[in-house]
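All chains should be modelled from the sequences, with the hints used to inform the complete structure.
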Amino acid sequence: MLTRFLTPEDLRRLESFEFAPKLLAEGYLSGQHRSHRRGSSIEFREYRQYTPGDDPALVDWRVFARTDRHFLRTYEQETNFDCHILLDASASMGFGTPASKLAFASFFAAALAYLVVRQGDRVSLTLFDESVRTCIPPGTTSRHLHGLFAALEAAEPGRRTATGEALRRTFPLLKRKGTVIILSDLLDDPAALFHGLNPYLHRGFPVHLVQILTPSELELDARGLTAYVDPETGTRVVAHPTEVAAGYRDAMAAHIRAVRGLAARRNVDHTLARTDGDLYGLLDRILR
Amino acid sequence: MSFGFANAALAGLLALGIIPPLIHLVARQRPSVYAFPPVAFLRRIIRHSMRVRRPREWLLLALRTLLFLTLILLILKPVYFPQPGEAAPGRQRNVVVVVDATASMAWNEGAQTRFAAACAEASQILSDLGAGDLANVVWVRAEPEAAFPELSPNHGQLRDLLRRAEVSSEPGDAASALRLAARQLEGREGAREICVISDFQKTAWEPFPTVPGDAQIVRIPVARAEASNLAVLRVECEPPRALVGEQVRILAELANYSPQARKTLVSIEAGETRQSREVALPAWGRATASFRWTPSRAGMTPVLAMTGEDGFGGDNRRWNLVEVEDRLRVVLDAAHTETAEAWRRAFLALGWVKVESVAALASVESGPPPAAVFLSAWDGEPIPGLESALRNGTALVLRPSDKLDLARLRNTGLPGLAELAGTARFEPGGNHRVQVTDPNHPLFRVFGQGEHGDPSRAVFRGRFAIPAFPTLKPLLTYRDQVPALAAAGDRFVLWNLALDDKPGGWTAQPEFVMFLGELLLRLRAPAAGGTDSWLVPGMPLVRPLQNEVEQFDLKLAGPDGAAVPFALRPGPGRTVAVSHPTRIPGIHTWTMRSEPVGHAAVQFPSVESDLRTVTSPPEIADGRSTAVADGRSVSTLRNGLPLWPWMLATAIALVLLEPLAVAWVDRPVPWQPGKESP
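Sequence lines, in order, name chains A and B.
First residue of the first sequence? That's 1 in the numbering used here, and the numbers climb one at a time after it.
First residue of the second sequence? That's 1 in the numbering used here, and the numbers climb one at a time after it.
What the hints contain is simulated information worked out from the structure, not anything from laboratory work.
In this text the structure is predicted, and so the values were computed from the model without any measurement.
Hints are supplied without guarantee of correctness; some may be wrong.
[Said to hold, decoys possible] One-sided excerpt, in silico: chain A residues whose CB lies under 7 Å from chain B:
hint	residue
1	A65
2	S92
3	F95
4	T97
5	P98
6	G164
7	L187
8	L218
9	E219
10	L225
11	A227
12	Y228
13	V238
14	Y248
15	A251
16	L287
[What the hints assert, rightly or not] Selected chain A positions facing chain B (Cβ under 8 Å, derived; list incomplete):
hint	residue
17	D55
18	A57
19	L58
20	E165
21	R168
22	D185
23	E217
24	G224
25	T226
26	V229
27	P231
28	T235
29	A239
30	M252
Just so you know, even glycine gets a beta-carbon here, dropped at the ideal spot from N, CA and C.
Okay, here's the thing in structure tokens:
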């Protein structure tokens, strides 16, 4: 079970976490997660007006007798849970010292996968940059978890980012609805990102965006005259950090605000994670 | 307009101007390379800030380059030449300064005269010349003259001459002065300049005289303002040759050279008489004041007309000479004819006539000529001194004789007698009456009112048969148109009136004496004075010596009493004394043993009284001329205007500006967050 990302100390600390209290899942096994799908050992959820196409067997005739209207009873069913981890492995994720954003995201993904599998739920992993590089379908076994860890350990920063495009390509690979957790720096066009999320949101995938940035990206380091080179595009900009720091800070804040704003409008959770921050605190924020 | 460098040898330093841009481009800081994903944000910020910062940096670069170039130029000492072709530092210069010393330059312009200002400008020009430059000064006078025979490096001596120079009362010959200046420059190597310093009086400098040669001409006007001037232009005396007790009419003409009408007091001094009269003068106009004066003493009497003092005093006084005689000298021939006797008696009756014999004509060379010679029986035989007397203005009244060939009258030199020929045949007897041909003739004016009788009221027994010559103008004619009294010009009268003592004859009439007196007064020669003199300062006075003694004792004194030098030169027939050019207006007097023997009135030149200057310095068609404001400008024109003080000031300003510019360039560019993400 030991990997580069999960030490025994990590595992010990992860014991106190439980995955998905605020996430909904659609599983094939009755379990601890609630589902909107009807099933056995159901727990009443709400009445819903009948619409053509609904199963007439679900009509509550007693309500019909009282109101002369057709209502269906809906139930919530505990089911098993699918967690789809989409990890940005583009070149920009390789930035950051001592731990890069990719390392931070990988650790987070490993911890998350461990928690999901430990609870008997299924977890999948997709590594992408401008396209899908690795896709491990959902699984719940230890062997599956090992394969997932191996993929994370083997992950290296790839090419340039095209999150929206990668999400569009990933979507057909997800057979069953589940929670989507996207780990990325989101240094991309927010509009393109949410355009790529459209199919997921349309199908009702709960989506959680974890935007991982280094402190240097949030606030420029105090350096001398620097030639900033984009690792993805090779674009080179020479500037004195002191001259552009304020402007950069404002621009980055504006970008984050833009992402957060779009996420709020689309009912997508957004969490900003600093690579120098506490990973468990982040887990706590997302899982509770 | 051109530029040059005093330290042109260091011009290569200008190439160093490339250094600041090179430093700016080459010595830029090498940035450390840093992989940084959100470059798109930075690029957007940089793009914004560079739009502001790049021009600032270029401005700073330009400022520094300018400072560097200014410092280099400071070393090179740039010189600005207003005129093209003058940029030749180190070239030898040959300069002739033409200074206007004519009378108009005496106008007092503020604290000094125009002439003093001109001399100061000339001195300035000479001071600015280099040690190896050659120069001379040419004075514009009636006879222009150069200070040195040729160009000289002795500028100090020329400046000393300028310091001591005085303005003349002469008119100027600008063309001759410029020709003299051009001759001085002929064959000289190096730059050749003629600097003309003058008031550029319109009457003298318009149009600008042609200047031979290829010298550059620089004109420096010293007239700063229009001058208003009053001048006495002319003094006329009528008659010019008066008798004691005879009334003389004096006309003084004044001119107003100003745009305002003026009133002034004009005075005359003649003998012991002084009279004044107020005269109103229109703008740019003239007026004449008339005075009457009766001389009481014989001799050459100066008549002075003057007006009030103004800023230009030279032309406020003008002189004339009236020759006053106590009696009119008349030469009468010795023939004992009835006519001669009648003349003699009449002259004696007049009282103011002094009758002399023809022998007096022999001494006419040494004294004033007689007013008239009356000949009653001249047969044409030469009379010693007659021709000389006639040449000097004596009139001739001739009663011909049967033996006189009229053609001999040609030898007298009198005008209008060239056509006379043949002899006059006397026809005795008869009772001939005469008539006045022209009652308006001045000779008969006194008889016009009838108070003094009729001069034609007489019977003449006998007459000469004289044909009517076209050049002889009849004054009295017989009824058959035979001329009785005819004149040729102003100084010849042919007398064809037989005078006798018989009853009814003319001599018995009271009108006869009056007529003869009138005739005598009309025949007076104006030679000695009366007319306004044309002599002006700068012209020499000439006097033919009357005898051999004069060459030892003759002296000439100017109006101020100072002796005027003169030289004796052989003239036609006799030696003449020719004075040095006169310098000041006034009465000049020739003396022999302290006795005045001749006078000459030297007048202020009228042409100098009109002080109007050309509106702008006159142009020369060939483009060789330049007009400048003053002598310092000539120095600028020649040596260029040194620009190093400006360079120094610019460099200091740039040095002070540079840190400000640096602070401005380095100040943060305010960032406005973009509306779009990368």
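Now for the hints, and whether the structure bears them out:
1. A hinted interface residue such as A/A65 counts as satisfied when its beta carbon comes closer than 7 Å to some beta carbon of chain B; here the least separation is about 58 Å, so the hint is violated.
2. Checking A/S92 against chain B: minimum C-beta separation of about 4 Å stays under 7 Å; hint holds.
3. Of the supplied interface hints, the one on A/F95 holds, with its beta-carbon coming within about 5 Å of a beta-carbon of chain B, less than 7 Å.
4. Evaluation of the A/T97 hint against chain B yields a violated restraint, the C-beta minimum of about 11 Å exceeding 7 Å.
5. This hint is violated: A/P98 has a C-beta 15 Å from the nearest C-beta of chain B, more than the 7 Å allowed.
6. Interface hint at A/G164: violated, since its Cβ lies 13 Å from the closest Cβ of chain B, which is beyond the 7 Å cut-off.
7. Annotation: A/L187 was flagged as interfacial toward chain B, and the flag holds, the nearest CB pair being 5 Å apart, inside 7 Å.
8. With a cut of 7 Å, the hint placing A/L218 at the interface with chain B is violated, because the nearest CB-to-CB distance is about 10 Å.
9. Annotation: A/E219 was flagged as interfacial toward chain B, and the flag is violated, the nearest CB pair being 12 Å apart, outside 7 Å.
10. Residue-level restraint check for A/L225 holds (minimum Cβ-Cβ distance to chain B is 4 Å; threshold 7 Å).
11. The closest approach between the C-beta of A/A227 and any C-beta of chain B is roughly 4 Å, which is under the 7 Å cut-off, so the hint is satisfied.
12. A hinted interface residue such as A/Y228 counts as satisfied when its beta carbon comes closer than 7 Å to some beta carbon of chain B; here the least separation is about 4 Å, so the hint holds.
13. The beta carbon of A/V238 comes within 5 Å of a beta carbon in chain B, closer than 7 Å, and the hint placing it at the interface holds.
14. Interface hint status for A/Y248: upheld, as the beta-carbon distance to the closest one in chain B is roughly 6 Å, under 7 Å.
15. At its closest, the beta carbon of A/A251 sits 4 Å from a beta carbon of chain B; the interface hint therefore holds under the 7 Å criterion.
16. The closest approach between the C-beta of A/L287 and any C-beta of chain B is roughly 28 Å, which is over the 7 Å cut-off, so the hint fails.
17. Given hint, A/D55 at the interface with chain B, is violated; its Cβ is 47 Å from that chain's nearest Cβ, farther than 8 Å.
18. With a cut of 8 Å, the hint placing A/A57 at the interface with chain B is violated, because the nearest CB-to-CB distance is about 51 Å.
19. Using the Cβ-Cβ criterion of 8 Å, the hint placing A/L58 at the interface with chain B is not satisfied: the shortest such distance is roughly 47 Å.
20. Residue-level restraint check for A/E165 is violated (minimum Cβ-Cβ distance to chain B is 16 Å; threshold 8 Å).
21. Using the Cβ-Cβ criterion of 8 Å, the hint placing A/R168 at the interface with chain B is not satisfied: the shortest such distance is roughly 20 Å.
22. Below 8 Å, beta-carbon pairs count as interface contacts, and A/D185 has one with chain B at about 7 Å; its hint therefore holds.
23. Taken as an interface hint, A/E217 checks out: its beta carbon lies about 6 Å from the nearest beta carbon of chain B, inside 8 Å.
24. Evaluation of the A/G224 hint against chain B yields a held restraint, the C-beta minimum of about 7 Å falling below 8 Å.
25. Nearest Cβ of chain B to the Cβ of A/T226: about 5 Å, under the 8 Å cut. The hint holds.
26. This hint holds: A/V229 has a C-beta 5 Å from the nearest C-beta of chain B, less than the 8 Å allowed.
27. Among the interface hints, the one on A/P231 holds; its C-beta lies about 5 Å from the nearest C-beta in chain B, closer than the 8 Å criterion.
28. Checking A/T235 against chain B: minimum C-beta separation of about 5 Å stays under 8 Å; hint holds.
29. For A/A239, the interface hint holds, since its Cβ comes within 8 Å of a Cβ in chain B; the closest pair sits about 5 Å apart.
30. Because the beta carbon of A/M252 sits about 6 Å from the nearest beta carbon in chain B, less than 8 Å, this interface hint is met.
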